[in-house]
Structures are given as structure tokens and as C-alpha cells.
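Asker: Everything in the sequence shown is counted per UniProt numbering, starting at 1 for the first residue and increasing by one.
Hints are supplied without guarantee of correctness; some may be wrong.
To be verified - 30 Å max Cα-Cα, derived DSBU-like pairs, lysine-lysine:
id	residue 1	residue 2
1	K99	K27
2	K185	K159
3	K8	K22
4	K105	K124
5	K145	K99
6	K22	K98
7	K32	K105
8	K78	K124
9	K78	K98
10	K98	K60
11	K8	K78
12	K60	K27
13	K32	K8
14	K159	K174
15	K145	K78
What the hints assert, rightly or not - Listed next, with one range per pair, are the computed distances between beta-carbon atoms:
id	residue 1	residue 2	range
16	G179	T128	35 to 41 Å
17	S139	A80	22 to 28 Å
18	N177	A70	51 to 57 Å
19	A195	Y121	29 to 35 Å
20	G26	T150	41 to 47 Å
21	L119	E178	36 to 42 Å
22	A80	T158	38 to 44 Å
None of these hints come from the bench; they were simulated from the model. These numbers were taken from a predicted model, which means no experiment stands behind them. Positions of the beta carbon are idealized from the N, C-alpha and C atoms, including for glycine.
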Amino acid sequence: MRVSFVWKAGNRGIAIYTLHLKTPGGKDNHAKAESQYRDLSNFDSTHSNLYQAVNAGDIKTFGQQVDALAAAITEQVKSAYMGDAAIGSALYAKDDGKKLTPEQKLLQDTALIGHAMQLAYLGKRNSTQAPLVFQAWISDRDLIKQNIPTTDVRVLLTKGQLSDLSDAVSQILKAANEGMISPTKMFEQLRTVAATMGDRP
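Please construct the entire structure, taking both the sequences and the accompanying hints into account.
Answerer: Right, here's the structure in full:
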């Protein structure tokens, strides 16, 4: 039932925040409850988890987290209303090497989720879907704060698949550099390689 509930909420673009008060009276159930609350608080669209623990049921910490959450959601509504950038700009980028406080993490996750919800709303309203493949470029560093990377690269391949991919892309790039294929043809070949790699289990 819990999985079905979470799936229905996520499918409708609903994000569930959980503030878990870990009071001494419930210490025997803290681990189990945390696991269940974490499952409940997953927001798959942004791979965020909106679970926050308040150790020992500290009222002051709880109040700070409620205030931070309320401020974050209010700011998202205000940004959406004003048409401001919600995320992706240097203003919202994290500085490397600094561990975020729970309140900062909450603000960051809320900004990310708010932006995802805006995009989903606009897509639904305008009957627009993201293309399966698109041609574009991206800077690997923020244009304003150049010490901040703009992407987080993750490779989900085996060593064998990575080797095959490297060989295929190297051959395509070599042919392109030697003028044997046009940029458009090179893009088509890269797309074919990506599709082939995506079809493999």
C-alpha cells in the first residue's frame, strides 16, 4: 500500500516532506520508521529524498526545520509567480568542499523540486514533451562562478561496455577530424552508438 501511495503521489507531481521526531519514547522503532519515512519521501523526478530527522525530538531544531521548509516553499511560489530563475544559476549553485547543513540541504532540494514541478506544469499545459534526443552544447563550468561544475557525470556501464563505447567514439571522431564525415553525419553516428549502448542490458 505504501509503495502504491508513493507512486501515485509521484505520478501526480506531489512531493512528500517528512520531519521525523526521534523522541526517546520511540527509540525502539526509530530505525524501522526512518526506513519507511525515507521510502515515503523519495521524489524520483529529481532523485531527492525529503526525509529530515530531528534527533531526540529537539523542539528548537524542529522549529528551525519547519521554518526553513516554510521559507523554501514560500520562496519557490514567489519565484514562480515573479518568473525568476529557481535553480541552475550561480545563485543556487553549491560550493564544492562545503558540507550543507540540514536546512541548506532542504532549501536546495526544495529549489530543485520546485523547478521540476514548474517544468512539468508547463509541459502539461502546453502539451509539450522533452525530446528523446536533442543536439545542444553545455559549458562544463558555471559562466559566473567558474569554480562550480555545471554537470555531475555518472557512467552506468561495465568496463567492457565502456571499452566498446570508447573504441566506437574514437573511430567516429577520427573520421570527423580527417574530414571524412560531416558534423551532421558524425552526430548521427554518435546517436546510433548511444542507442546501441542503451539497448544493452
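Asker: Indicate, hint by hint, whether the structure satisfies it.
Answerer: The hints, checked one at a time:
| no. | hint | verdict |
| --- | --- | --- |
| 1 | K99 x K27 | 27 Å, holds |
| 2 | K185 x K159 | 27 Å, holds |
| 3 | K8 x K22 | 28 Å, holds |
| 4 | K105 x K124 | 28 Å, holds |
| 5 | K145 x K99 | 18 Å, holds |
| 6 | K22 x K98 | 26 Å, holds |
| 7 | K32 x K105 | 23 Å, holds |
| 8 | K78 x K124 | 21 Å, holds |
| 9 | K78 x K98 | 27 Å, holds |
| 10 | K98 x K60 | 24 Å, holds |
| 11 | K8 x K78 | 27 Å, holds |
| 12 | K60 x K27 | 19 Å, holds |
| 13 | K32 x K8 | 23 Å, holds |
| 14 | K159 x K174 | 22 Å, holds |
| 15 | K145 x K78 | 25 Å, holds |
| 16 | G179 x T128: 35 to 41 Å | 38 Å, holds |
| 17 | S139 x A80: 22 to 28 Å | 26 Å, holds |
| 18 | N177 x A70: 51 to 57 Å | 55 Å, holds |
| 19 | A195 x Y121: 29 to 35 Å | 30 Å, holds |
| 20 | G26 x T150: 41 to 47 Å | 42 Å, holds |
| 21 | L119 x E178: 36 to 42 Å | 41 Å, holds |
| 22 | A80 x T158: 38 to 44 Å | 42 Å, holds |
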